[in-house]
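S.K.: Chain by chain, the residues run as shown.
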Amino acid sequence: MGFVSRAFKGRPRDESRDARLPPGQYLVHDFPVLSAGPTPRTSLAEWTFSIEGEVDEAKHWNWEELRNLPSETLTRDIHCVTKWSKLDTAWEGVSVDTLLEGVETAADYVMAFCDGGYTTNLPLEDLTGGKAWIAYAYDGQPLESQHGGPARLLVPHLYFWKSAKWVRGLRLMNEDSPGFWETYGYHMYGDPWLEQRYSGD
Amino acid sequence: MRSLDLAVPGWPGHRAGQHVDVRLTADDGYQTQRSYSIASAPSTDERLTLTVERLDDGEVSPYLAGELRAGDKLELRGPIGGYFVWEPAAGGPLLFVAGGSGICPLMAMLRLRQAAMSTVPARLLYSSRSLEDVIYRDELDRLGSTGSGVEVMLTLTREQPGTWNGLRRRIDSEMLHAVAWPPAEQPLIFVCGPTPLVETAANALVNLGHEPARIKTERFGPTGG
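Residue numbers (our numbering), protein chains in the order written: chain X, 1457 to 1657; chain V, 1277 to 1501.
Next comes chain X alone, as it looks inside the complex:
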């Protein structure tokens, strides 16, 4: 694909590094912030997390209840559609499997919804089987608000816009439906290894 850019050299190739970088990504060591509007503020006293939509019975947790659920710590690489990747990021949170225990549903898709109105859609099977968390700590510290605190969805195997900041719940759906960025032409699924950045990739 493409053509050679005259006199373009690029950074030194580092084979050991490249194996963990999906196509078209470059490494960063800081933690860039991207969001479409002001950082929302919800006090922990008002904060809740819900599982709703196509379920037999909706479930809700307040902050304390969520924090009392069994948590996991994990280290993963993350990949942003704006081309940066960050390796070995350390998180703590509740597995989505834990939240879905006892939830009866025939739905195949999920819309994550957030403070500030952000949404993003995912297949349910990408949130189950140890692939997704509601994360509330990063690098051993409470998750900063600019990175999505008090809690964000963490789905590290997909582009990071799917890891919705300021998440407040999951709405189960029978049919797939585009979320915020997906409405503006970003990919419905977003696999970084297939470079599914935009609609049509």
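If you are wondering where the hints come from, they were derived from the structure by calculation, not from laboratory data.
Note that beta-carbon positions come from the ideal geometry of N, C-alpha and C, so glycine has one too.
A portion of the hints provided could be inaccurate.
Said to hold, decoys possible - Covered by chain X, according to a simulated footprint, are these stretches of chain V (three or more residues, beta-carbon under 8 Å): (1) 1332–1343; (2) 1440–1451.
Stated by the list, open to error - Below, computed lysine-lysine pairings styled on BS3-like, alpha-carbon distance capped at 27 Å: (3) Lys1587(X) - Lys1515(X); (4) Lys1587(X) - Lys1542(X); (5) Lys1465(X) - Lys1542(X); (6) Lys1542(X) - Lys1349(V); (7) Lys1465(X) - Lys1349(V).
As the list claims (entries may be wrong) - Pairwise CB distance ranges (calculated): (8) Asp1332(V) - Thr1529(X): 35 to 41 Å; (9) Arg1469(X) - Glu1351(V): 15 to 21 Å; (10) Glu1415(V) - Thr1529(X): 50 to 56 Å; (11) Pro1598(X) - Glu1351(V): 38 to 44 Å.
With chain X fixed as given, assemble chain V onto it according to the hints.
M.R.: Relative to the frame of chain X, chain V by itself:
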């Protein structure tokens, strides 16, 4: 800082505020890509302008701002994005808050406003390190002084000319209170710049009573490449 005027055969046109992905390929097949905001107003002539700030440790920007010369070819993808955009029909009044090269997508909106002869009132608060770092300085001077309905306010955070009688500190709540349209006028607000500036400005605007849904932000860190 360098502006690149690109002829793009088949370009479908863009909306003010959208960006493109630029992909470079080395002769061994190595590729890398970055996003750049389009600084030109939408047009039908299959041309667009990118303004590239050279980052010393960048991989793409030193090439675009230095090596690239007239006649070279670039691989583009776009236009991309559709949220951080303005069109005359969206109205105003408009408040633009920019830091550094964050002016680029806002410039596309200001240029569109001019091209469309829109009379929507607009204010720009633009933070730069020094007067030399003010991108589009002449054009902004003209825009701000010709009764076009655009007010331009510069703040210079590090270095000011001896004769400078303008703002001389980082954007803060007090500055936004003085510059922004009152919340009752329901301005449409676009903020673009490095994360600390965007975070400060957006939070301050919410505290001043502006509706969060009317504040659109675009952020970039030092790793923009």
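S.K.: All hints are to be evaluated individually against the structure, with a verdict given for each.
M.R.: Hint check:
1. Here's how the region 1332–1343 of chain V fares: 3 of its residues keep a CB closer than 8 Å to some CB of chain X, so the rule of at least three is met and the hint holds.
2. Counting residues of the region 1440–1451 of chain V whose beta-carbon sits less than 8 Å from any beta-carbon of chain X gives 0, not enough to reach three: the coverage restraint is violated.
3. At most 27 Å may separate the alpha-carbon atoms for a hinted pair to count; Lys1587(X) and Lys1515(X) meet this at roughly 20 Å.
4. For the hint linking Lys1587(X) to Lys1542(X), the alpha-carbon distance of about 18 Å falls within 27 Å, and the restraint holds.
5. Restraint check: the Cα-Cα separation between Lys1465(X) and Lys1542(X) comes to about 23 Å, which is no more than 27 Å; the hinted pair holds.
6. The suggested pairing of Lys1542(X) with Lys1349(V) is violated, with an alpha-carbon distance near 31 Å, which exceeds 27 Å.
7. At most 27 Å may separate the alpha-carbon atoms for a hinted pair to count; Lys1465(X) and Lys1349(V) meet this at roughly 15 Å.
8. A hinted range of 35 to 41 Å holds for the C-beta pair Asp1332(V) and Thr1529(X), which are about 37 Å apart.
9. Checked against the given bound of 15 to 21 Å, the beta carbons of Arg1469(X) and Glu1351(V), roughly 20 Å apart, stay inside it.
10. The hinted window of 50 to 56 Å between Glu1415(V) and Thr1529(X) holds, with their beta carbons roughly 52 Å apart.
11. One distance hint, 38 to 44 Å for the beta-carbon pair Pro1598(X) and Glu1351(V), holds here, with the actual separation near 42 Å.
Going down the numbered hints, you'll see the structure goes against 2 and 6, while the others check out.
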